[in-house]
Amino acid sequence: MDQALFVPAKSKAEEEVTQGSYICLFGGEDLEWIRKLIATAKEVANIAGIMLGMVYVGKSNSKQGVQRTAATITSEELSYCWNDPMFFWLFWARLESMFHSEVHLGMSIENDPLLHVIQTILNFDRSNKRWAVFCQSVGPDMVAAEGNIVLESIEEFDKWEDDANQNGFLKALFDRLIQKHLIRLFDEIHLDNLTILKHLIYAKDDIQPLVDVLRKKTVLLLISDLNISFEDMVLLDQIYRESRARPENQFEIVWLPIVDIDPKSAAWDMTHQQIFETLQSIMPWYTVHHPSILEPAVTKYIREEWHFSKSIIIVALDPQGRLASPNALHMIRIWGNLAFPFAKEREEALWRKERWTLKLIIGGLDDRTIKEW
2 MDQALFVPAK
12 SKAEEEVTQG
22 SYICLFGGED
32 LEWIRKLIAT
42 AKEVANIAGI
52 MLGMVYVGKS
62 NSKQGVQRTA
72 ATITSEELSY
82 CWNDPMFFWL
92 FWARLESMFH
102 SEVHLGMSIE
112 NDPLLHVIQT
122 ILNFDRSNKR
132 WAVFCQSVGP
142 DMVAAEGNIV
152 LESIEEFDKW
162 EDDANQNGFL
172 KALFDRLIQK
182 HLIRLFDEIH
192 LDNLTILKHL
202 IYAKDDIQPL
212 VDVLRKKTVL
222 LLISDLNISF
232 EDMVLLDQIY
242 RESRARPENQ
252 FEIVWLPIVD
262 IDPKSAAWDM
272 THQQIFETLQ
282 SIMPWYTVHH
292 PSILEPAVTK
302 YIREEWHFSK
312 SIIIVALDPQ
322 GRLASPNALH
332 MIRIWGNLAF
342 PFAKEREEAL
352 WRKERWTLKL
362 IIGGLDDRTI
372 KEW
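Start counting at 1 in the sequence shown, then tack on 1, and there's your number in our numbering.
Source of the hints: derived by calculation from the structure; they are not laboratory data. All C-beta atoms in this analysis are idealised placements derived from N, C-alpha and C, irrespective of residue type, glycine included. Some hints could be false.
[Stated by the list, open to error] Straight-line Cα separation of at most 27 Å, DSSO-like style, residue types lysine-lysine; simulated pairs:
#1 Lys-172 <-> Lys-265
#2 Lys-199 <-> Lys-301
#3 Lys-43 <-> Lys-218
#4 Lys-181 <-> Lys-37
#5 Lys-217 <-> Lys-181
#6 Lys-130 <-> Lys-217
#7 Lys-218 <-> Lys-199
#8 Lys-345 <-> Lys-218
#9 Lys-64 <-> Lys-160
#10 Lys-37 <-> Lys-60
#11 Lys-60 <-> Lys-181
#12 Lys-43 <-> Lys-160
#13 Lys-311 <-> Lys-181
#14 Lys-311 <-> Lys-160
#15 Lys-172 <-> Lys-311
#16 Lys-37 <-> Lys-160
#17 Lys-43 <-> Lys-172
#18 Lys-43 <-> Lys-60
#19 Lys-301 <-> Lys-311
#20 Lys-37 <-> Lys-130
#21 Lys-160 <-> Lys-217
#22 Lys-217 <-> Lys-199
#23 Lys-172 <-> Lys-199
#24 Lys-64 <-> Lys-37
#25 Lys-172 <-> Lys-160
#26 Lys-181 <-> Lys-218
#27 Lys-130 <-> Lys-43
#28 Lys-301 <-> Lys-181
#29 Lys-130 <-> Lys-60
[To be verified] The following label-pair restraints were derived from C-beta to C-beta distances:
#30 Gln-275 <-> Pro-114: 45 to 53 Å
#31 Met-87 <-> Asp-213: 43 to 51 Å
#32 Glu-243 <-> Glu-157: 42 to 50 Å
#33 Glu-243 <-> Glu-153: 41 to 49 Å
#34 Glu-305 <-> Gly-107: 34 to 42 Å
#35 Trp-352 <-> Glu-306: 19 to 27 Å
When you get a sec, could you build the whole thing from the sequences and use the hints?
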C-alpha cells in the first residue's frame with residue numbers, strides 16, 4: 002500500500018504495526034462492530050498464517066466520538082489507535098489533500114487504484130458508514146469495502162480459504178467481496194440494468210459500449226464453456242432472428258464464456274483461442290471480447306449462485322437488472338419466443354394454457370407429419 006496513506010510513525014508501536022505483513026485500517030464509531038471485526042480478523046489471520054496489524058483511524062467530523070471510541074479500543078487493548086487527536090485530524094486532512102492533488106494532476110479512479118480507494122474511504126466516511134481497508138505493508142494492492150460486507154466476508158473465511166492459499170489473501174478477499182456485493186445488488190431495486198451489467202461484464206473500458214446498448218432491455222446471458230452443442234446453437238439462432246421481427250418481444254443475448262483454465266495464463270493456447278473465435282464468429286448476438294474480461298470473482302459467483310458447471314445455462318435479466326430466471330433454457334426449448342420475457346410468471350401462464358398433446362411434445366419440428374396422422 003502507498004505509505005502516503007499513513008501518518009508517519011511516531012512511536013515504536015506504530016512502527017511495529019507498519020512492519021506487519023498485512024494492515025487493516027478501519028473507521029466508524031460502532032463499538033460492537035469494531036469488536037467483532039477485530040476479533041474475527043485476528044482469528045482469520047491466525048488461520049491463514051499471516052501477520053495482521055489493525056489501526057483505528059476514526060472519522061473526519063466527529064472529534065469527541067472518535068476520542069471516546071479510541072479510549073475504549075486502547076483500554077480494552079483491541080487494536081492500535083492514536084492517542085493524540087491531532088493524528089486523526091492529520092490522517093483525514095492528508096487523505097482529502099491526496100484526493101484533490103491526484104485529481105488536479107489528471108488522475109481518475111478508472112486508471113489509478115490508489116485514487117479509487119481514497120475516494121471509496123472518503124465516501125464511506127461522509128455517509129457515516131463503517132468501513133475497512135486491507136492492504137500489504139509493502140506493495141500497492143488494497144481492498145476496501147463497507148463494514149458489514151467486510152465482516153460477513155471474513156466470517157465466511159472457510160468458504161474462500163482455499164482461494165487464499167492458492168491466490169493470496171488480498172486477492173481471495175477481493176473476490177469474496179465482489180461475490181457478496183453481487184448478491185446484494187440482486188436484492189436491490191434499480192432504475193435500469195446498467196448497475197448489474199457493469200458488475201457482471203464490465204472490465205475497465207473496452208466493454209463499455211456493450212453495456213450501453215443493453216440498457217433497459219431484457220438480456221439473456223448465455224453462459225457456457227467452449228463446448229456448445231450444435232443443436233442449442235441452431236435453436237438460439239432461430240429464436241434470436243425471429244425476435245428481430247417482433248419489436249414488442251425483442252431481447253438481447255450476450256455470451257459469457259466460462260472456462261476451467263485461466264484465460265490469462267499460458268494454458269490458454271492458440272487452440273482454445275481459435276475455438277473461442279470460431280464460436281464468436283457464428284453468433285449473431287453479442288459476446289464479450291475475451292473470456293479474460295470476466296473477473297474470477299464473477300465466474301465464481303455464477304458457478305455458486307447460478308449453479309453453472311459445464312452444461313449451458315441462460316440467465317434472464319429484466320430491463321431493471323432483476324433476475325427473471327436463473328435458467329431460461331428449458332422455457333426456450335419448449336416455447337421459443339413465446340417464453341418472452343422468460344420470467345417464472347410467464348412460464349406458469351404458458352403451462353396453464355397448454356394441453357397434454359403430441360403437438361406439445363414435438364412442437365413445431367414436424368407439423369406436416371402430425372397433420373397427416
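Can you let me know if the beta-carbon spacing of Glu-243 and Glu-157 is within 42 to 50 Å?
At roughly 44 Å between Cβ atoms, Glu-157 and Glu-243 fall inside 42 to 50 Å, so the hint holds.
Do the alpha carbons of Lys-217 and Lys-181 lie within 27 Å of each other, as the hint requires?
holds (24 Å)
Please work out if Lys-172 and Lys-311 have their alpha carbons no farther apart than 27 Å.
holds (25 Å)
Is the distance from the Cβ of Glu-243 to the Cβ of Glu-153 consistent with 41 to 49 Å?
With Cβ atoms ~44 Å apart, the hint holds.
Need the status of pair Lys-64, Lys-37: alpha-carbon distance at most 27 Å?
holds (23 Å)
Does Lys-37 lie within 27 Å of Lys-181 when you go C-alpha to C-alpha?
holds (18 Å)
Proposed proximity, Lys-199 with Lys-218 (alpha carbon, max 27 Å)
Distance of about 14 Å is within 27 Å: holds.
Holds or violated: are the alpha carbons of Lys-301 and Lys-181 at most 27 Å from each other?
holds (11 Å)
Would you mind confirming whether the straight-line C-alpha gap from Lys-172 to Lys-160 stays at or under 27 Å?
holds (14 Å)
Has the given pair, Lys-37 with Lys-160, been kept, meaning a C-alpha gap of at most 27 Å?
holds (19 Å)
Per the hint of 19 to 27 Å, is the separation of the Cβ atoms of Trp-352 and Glu-306 within bounds?
Holds, at about 26 Å.
Hint check: Lys-172 vs Lys-265, CA-CA at most 27 Å. Holds or violated?
holds (16 Å)
Going down the numbered hints, you'll see the structure goes against 3, 6, 9, 21, 30, while the others check out.
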